[in-house]
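Construct the complete structure from the given sequences, taking the supplied hints into account.
Line by line, the protein sequences are chains A and B. Our numbering applies: residue 30 is where the first sequence begins, and numbers increase by one. Our numbering applies: residue 0 is where the second sequence begins, and numbers increase by one.
Just so you know, the hints here were simulated from the structure itself, not pulled from any lab data. Glycine included, each C-beta is placed from N, C-alpha and C at the ideal position. Careful: at least some of the hints might be erroneous.
Subject to a maximum C-alpha distance of 30 Å in a straight line, what follows is the list of computed DSSO-like cross-link-like pairs (lysine-lysine) [what the hints assert, rightly or not]: (1) K79/A / K108/B; (2) K25/B / K165/A; (3) K202/B / K106/B; (4) K86/A / K25/B; (5) K165/A / K154/B; (6) K156/B / K165/A; (7) K157/B / K165/A; (8) K165/A / K106/B; (9) K79/A / K25/B.
A few chain B residues that face chain A, going by a derived Cβ cut-off under 10 Å, partial list only [to be verified]: (10) M20; (11) V23; (12) V27; (13) Y185; (14) I329; (15) L330.
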Amino acid sequence: MKDALLREIGKVVIPFIQIFGIYIILNGHLSPGGGFSGGTILGVSLIMHKLIEEPYKSRIKISERAVMQFTCVSLILYGLLKGYSFITGGGEFELLDIPLGIPGRILSGGMLLPLNVAVGIIVCFTIYTFYTLFDKGEI
Amino acid sequence: MAAAANFPLLIILILFLSSFMMPVLKRVKAVKWLSLSSILLCVVLSVLTLAYVQQNGAFLYKVGHFEAPWGNELKIGYLEAIMSIMFTSIAALITWASFFSADYEIKEKNIMLYYTLCGMLLASLLGILYSNDIFNCFVFIELSSIAACGIVVVKDKKENIKAGVKYLILSSLGSGLVLMGIAFLYSITGNLNIGFIHQELVKVKDLYHNTLIISLGLFTVGLGVKSAMFPVHIWLPDAHTYAPSSSSALLSSLVLKAYILLYIKIIYRVFGIEIVKTLPILEIVLVMGAVGMIFGSILALLQKDLKRMIAYSSVAQIGYIFFGIGLGNILGLMAAIFHIISHALTKSALFLIAGNIIERIHSKEISRLKGIGIEMPITLGVFVVCALSMVGIPLFAGFNSKWNFALAIIDSNRILFIAVLVASSLLNALYYLPIIINAYFGEENTKDRVYMSKEKSLGALLPILILAFAIIYLGISSNGIIDLIAKSVSNL
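So, in structure tokens, the structure goes:
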């Protein structure tokens, strides 16, 4: 959208949207929200960036390869963490576990925080990919 | 060996993780080897699981830190252990064969995606097989439908996308029906774990007779659509014809079978055969299976396209399997399970052969196959083995499954169905044998053909040769496997 007003406002708003998304992801285990909702908000900020910056040939471009790599690495991270939890739970292994921490702190809740981060990244790029697929037919 | 209890979960994890590693890798060759090595590792783990089951019997495995009604469970018995060996080893052979055919059939940028989807597909099929939680099974069903549609459209041609969309719509319909069946069960039992559902169903079966009919009917139609039971098979011929040949082999030999195995689990574990026998559903399954045996073969007889003919032959063979389940006795179930194995071996080999032939003569038409036996003697030799097994000639796996079907029919006192079995076998012979005869004999057909001129390399032929040996082995000595199946059926 070639609109100077929208672009200038977007420049101010997008960082706040992103910080809000990251806040929701990082506080997912403490308050309402989590990986999915935070990731959606992050993805929306990417979509908005693409909408308002595209006609001006923005410097920041998200390539298909980057999307694939971020998504796959997060999926692998999620799989490893959750798989570790499944195997130690099912096999009754007494292996080391991530400490639970003090309730209320960001670094608490064991595996929930890294899992939320992984989900957040996956959802963020998936939302963005959906938008670009429907918009252009490719990422 | 106590660690072997973890292997089923480990197999699913390895397949998922390795398949998501593939898009990150840069080189196509690395992707191919990663795919093959992860599946081979799963074959080894499956064999160890069977050894563990033979020592300790069937076991329940708690996934995660919570006990059964709250957490998920896997149940591994003989059936799961045998089938997981079959699934992983056939997938490994098909992957090996796809090394040689993928470059010809799939665009290079999609090859990585293809192997990712194959890994996901196999993992979700094994998930359906292992899981003891019916909703978990549904999640894996959804995952496998997406991956299966993916490997159909991966060729990126117009007719592929049409076939893929048809498959996607019908299989979504099927999984929707399964979900509704689960919802009915959940509303009357309050559980999703298969063992707990069964405990509750035994208590409330008289109160909810109609609900049980609706629920089992939804499962039958839903899983029937997904596994191409006769009147709802319409997606199968298109999807199998246009997909790359290695995808068709995977679809026909493994994907259809996982849903049938889930159906067996639903009948024998969720409902229990005593409850199912009070419902009229099994009779319908029996009739549909018998009709499918005949009509699938007749439709196959009318085809001019090689892959489409093999696809319709799959409809007929799935008819056999549903027929065996519909008989409702132990022998019928054993015959159905044995036929799942023998059909998986035969049909994967047939689709891989069809792929090889199409690659060499650049045509799908059966009329162009004349004299091909001189040009591709090894490929056609394996084709002969598979065709004879399909027809049910002694010394091949198909004979043993038909023999078991006949025994099951006699055991259930429905002697008339023997005629259906024989008629279907004769129809099989009618469409397979002309291909073989025209390929090898006839002066016009064999004139000017150069011996071995179009044969593929030995590496490419290895998977179909192994499958052919497996078919002959199952034909000559099936006792070991029949014993295992008998154990698995008695512990269902």
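Now for the hints, and whether the structure bears them out:
For the proposed pair K79/A and K108/B, the alpha carbon gap of about 25 Å is at most 30 Å, so the pair holds. A C-alpha spacing of about 25 Å is found between K25/B and K165/A, which places the hinted pair at or below 30 Å, so the restraint holds. Taking the CA atoms of K202/B and K106/B, the gap is about 56 Å. The hint is violated against a cut of 30 Å. Pair hint K86/A plus K25/B holds up; C-alpha atoms about 28 Å apart against a cutoff of 30 Å.
As the CA atoms of K165/A and K154/B are separated by approximately 21 Å, the hinted pair is consistent with the 30 Å bound. Distance restraint check for K156/B and K165/A: the Cα-Cα separation of roughly 19 Å lies within the 30 Å cut-off, and the hinted pair is therefore satisfied. Among the hinted pairs, K157/B with K165/A is consistent with the structure: their alpha-carbon atoms are about 19 Å apart, no more than 30 Å. About 21 Å separates the Cα atoms of K165/A and K106/B, which keeps this hinted pair within 30 Å; it holds.
Distance restraint check for K79/A and K25/B: the Cα-Cα separation of roughly 27 Å lies within the 30 Å cut-off, and the hinted pair is therefore satisfied. With 10 Å as the threshold, the beta carbon of M20/B comes within range of chain A, its nearest partner Cβ sitting at about 6 Å, so the hint holds. The criterion of a C-beta within 10 Å of any C-beta in chain A is met by V23/B, whose closest approach is roughly 5 Å, and the hint holds. Hint on V27/B is violated. Least Cβ distance to chain A is approximately 15 Å, over the 10 Å limit.
For Y185/B, the interface hint is violated, the least distance from its beta-carbon to any beta-carbon of chain A being 24 Å, above 10 Å. Hint status for I329/B: violated, given a least beta-carbon distance of 32 Å to chain A, over 10 Å. Because the smallest distance between the Cβ of L330/B and any Cβ of chain A comes to about 35 Å, over 10 Å, the interface hint for this residue is violated.
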